Amino acid sequence: MSTTTNTWLAALDARDDLRKWDSNALGLFALVLNFGLEDIESVATDAVVDGADDKKCDIIYIDRTDRVAVVVQCYESQKAKTEASANKAADLSTAIGWLINAEISAIPVRLRSQAQSLRQCLEEQAIDNIHIWFVHNLPESANVAKELLIVESNCQATLKAVYPEGKFNVIAKEVGTNTLELWYSETLTPILVTDEFKIKTKGAFALRANIAETL
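If you read the sequence shown in my numbering, its first letter stands for residue 3, the second for the next number, and so on.
No wet-lab data here; the hints were simulated from the structure.
With a straight-line Cα cutoff of 35 angstroms, these simulated DSBU-like cross-link-like pairs (lysine-lysine) come out:
hint, residue 1, residue 2
1, Lys90, Lys169
2, Lys22, Lys83
3, Lys58, Lys81
4, Lys90, Lys148
5, Lys162, Lys58
6, Lys148, Lys81
7, Lys58, Lys175
8, Lys81, Lys22
9, Lys58, Lys22
10, Lys58, Lys169
11, Lys162, Lys90
12, Lys57, Lys175
Estimated spans, in silico, between C-beta atoms of each pair:
hint, residue 1, residue 2, range
13, Asp18, Leu184, 18 to 26 angstroms
14, Lys81, Arg21, 15 to 23 angstroms
15, Ile152, Ser44, 29 to 37 angstroms
16, Ile173, Thr9, 23 to 31 angstroms
17, Thr9, Ala163, 39 to 47 angstroms
18, Asn103, Leu190, 35 to 43 angstroms
19, Ile173, Glu126, 17 to 25 angstroms
20, Lys81, Ser107, 35 to 43 angstroms
21, Ala108, Lys81, 30 to 38 angstroms
22, Lys83, Leu151, 16 to 24 angstroms
23, Glu167, Leu190, 41 to 49 angstroms
24, Lys83, Trp185, 17 to 25 angstroms
25, Asp55, Arg21, 23 to 31 angstroms
Treat the numbers as computed from the prediction; the structure is a model and nothing was measured. For glycine and all other residues, C-beta sits at the position ideal for the given N, C-alpha and C.
Can you make the complete structure from the sequences, with help from the hints?
Structural data, given as structure tokens:
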């Protein structure tokens, strides 16, 4: 429950396609806002791994085209609070360890396919950016930010140990109400194109005084 009225929350509530994913709807909505995803239903079918023995990981989104991977821990508070638990953010170090460094045969079935896909991308250096998100419906806090710095450092160390030749940019981020509101407002901002473009065509029509004149 957010402590303030947010336009992003109204937008999320209006998304019938996300409601069935329960608290993971927050993480999926964040993906939609940040990456401009349209067919979120198809994405969610593969990306949502939340459940029993999920090793502290709720969503794993991989996009080879944009060369990005996102590991998400979601939390939806039912009460108004000033901040989310830093311990929930710390859980992401556990998630990263299982996804990158654990024996494949030991990884729970619900995670295994996405873990294998992520490792293949890392092995082939098919991704550049690895985002680690703690997504929730409370304000961001310094405590969570500090914990995520540790998560980010741990992930970088794990990647260096397992893929010493790889060059990956790791970004751990708290995605709370402020960030969700910012990302949502950015989707409402029109994109202004100020550059001039010259386009060659075989023919065109000019409208002058409501009369079409062939060029």
